[in-house]
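So the sequence lines, in the order shown, correspond to chains A and B.
Add 9 to the 1-based position in the first sequence for the numbering used here, that's all there is to it.
Add 9 to the 1-based position in the second sequence for the numbering used here, that's all there is to it.
Read the hints as simulated data drawn from the structure, not as lab findings.
These numbers come from a predicted model, not from an experiment.
Treat the hints with care, as some may be off.
What the hints assert, rightly or not - Non-contacting residues of chain A with respect to chain B, defined by C-beta distances greater than 10 Å in every case (computed):
1. 17
2. 82
3. 111
4. 183
5. 219
To be verified - Output of the computed footprint for chain A on chain B, the stretches with three or more beta carbons under 8 Å from beta carbons of chain A:
6. 69-80
7. 105-117
8. 125-135
9. 156-165
10. 169-181
Virtual Cβ for every residue (Gly too), placed ideally from N, Cα, C.
2 protein chains.
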Amino acid sequence: MAESFYERLRRRVATSGPLVVGIDPSPAVARAWGVASDAAGLRTIAQTLLSACGPFAAAIKLQVAFFERLGARGYAALESVLEDARETDLLVIADAKRGDIGTSNEGYAEAWLAGDSPLVVDAVTLSPYLGVGALTPLVERAAQAGRGVFVLARTSNPEGERLQGARMPEGVTVGEDVVSQVRAWNGGPWAGAAGVVVGATVPEGVALADLGGAVLVPGVGAQGASAADARRVTASAASHAVVVSVSRALSDLGPQPRRLAAAAQHWRDELMRTLA
Amino acid sequence: MAESFYERLRRRVATSGPLVVGIDPSPAVARAWGVASDAAGLRTIAQTLLSACGPFAAAIKLQVAFFERLGARGYAALESVLEDARETDLLVIADAKRGDIGTSNEGYAEAWLAGDSPLVVDAVTLSPYLGVGALTPLVERAAQAGRGVFVLARTSNPEGERLQGARMPEGVTVGEDVVSQVRAWNGGPWAGAAGVVVGATVPEGVALADLGGAVLVPGVGAQGASAADARRVTASAASHAVVVSVSRALSDLGPQPRRLAAAAQHWRDELMRTLA
């Protein structure tokens, strides 16, 4: 049996800290960096962030939407960035928020979690509107190879509160129920393959004790939350189970590698201090 | 102002009936057809279904997962299928179930709804776990060009019931709330750009009166529902607002165009009779 994604991630966080470098090569970032918003521009942005900030991070997280924007050429750029990332020690997360049913989920599993796929990553984010249970082909495939999935539970945007705060008949919220179902997965044959996404901006902490999996926390930096917020919302999580993504607070600094590296080091140090 | 997606779809349904040919080129379909499960095989399956079944349909619906499975090469295959589809009168729906926040949704909008994108389609399916409100960049972009979005409301799979049946403080379910928010969009500046997905297998009908948008109904055929079920769950929808996708009940017949055409004609006739 391969080492689980959770074990891999905790080991990495213990040595490198909890920073995840978010790579969101939007047209606005391309403009600010003075590169074209085409496939070559995307590669430049992603590869610069990878090499400048990567040494201070546990993982990188690539926002797939900005590659998909360019169709097949965008995916080719993403494949080339992934090739570069695989030559580092960084874990690689595809922020794809995929989620479907049945054989379609098997298609997504083959795209992001199969060893022979040009898009294979260490973990992919999933959206559970069709039910956490519908996502089993993805977590099953992840577990087989020591890879992982992060299921959206409580997201960092204000529009998410209404749906994610709706209540099940037993009184738990939708977001809490996602965490419970992921916990159950980790208690079974897919131990350590499943994590959750919890935004650092959510008003209350989320009960993450005994999750048995990783927690990915977006929302820190440009979305307004701090390292202390990331700590607050994940206070119940296990040690070294939490990783925090910082995207625009890095990319908005522009393309100078030294400046990017200094900012990544700053975030790494602050997150290590705060989450320790 | 361009004609809205809803107007375009109703006009098309009035003349061609409500059948949507679902193109789900899974590895299992490729095996059954005796073609390789590579980009060329996907093109063969999709183009055969398009030309054999298209004449009996209002639209085709492409399951993006089976193209994404092959990375950039899969997307290149999808782009070539979309080129062929644009030369017909069929509306083209990308079943992508995308959904994110902020600029990431703008990325997805540029991918699927911008006129100069190689992936541009008439409508794309969206998943609302991050909140229907978070999807506004997509519906806004759709409305500008007479294109559309279909937001998942009540899906056809059994695992969806728990989350989609959770209740808001006012007592409505998550699925009902999605319909309400889409109705509100259609009552505003984005009239006719937004539709919903309602599975034909859901136990109870969904309140769709005055939706002001289209309803996409999966689940008929291999998933176990009938044309009568599609009618039952959408009984409150406006005339010609409902389209019904049939996927495996066609593709499972194999690659013979005449057989596929006969089956598509059968489904078209049965759906026209039942939904009229």
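Each hint tested on the structure:
1. 17: Holds: least Cβ distance 23 Å, greater than 10 Å.
2. 82: At about 8 Å from chain B, residue 82(A) fails to clear the 10 Å cut-off, so the statement is violated.
3. 111: violated (7 Å)
4. 183: Label violated. Min Cβ-Cβ 5 Å, cutoff 10 Å.
5. 219: Consistent with the label, residue 219(A) stays out of reach of chain B, its closest Cβ about 21 Å off (over 10 Å).
6. 69-80: This one holds; 7 residues, not fewer than the three required, reach chain A with a Cβ under 8 Å.
7. 105-117: The restraint on the segment 105-117 of chain B holds, since 12 of its residues have a Cβ under 8 Å from chain A and three suffice.
8. 125-135: With 3 residues in contact (Cβ-Cβ under 8 Å with chain A), the coverage given for the segment 125-135 of chain B holds.
9. 156-165: With 3 residues close enough to chain A, the hint holds.
10. 169-181: holds (count 8)
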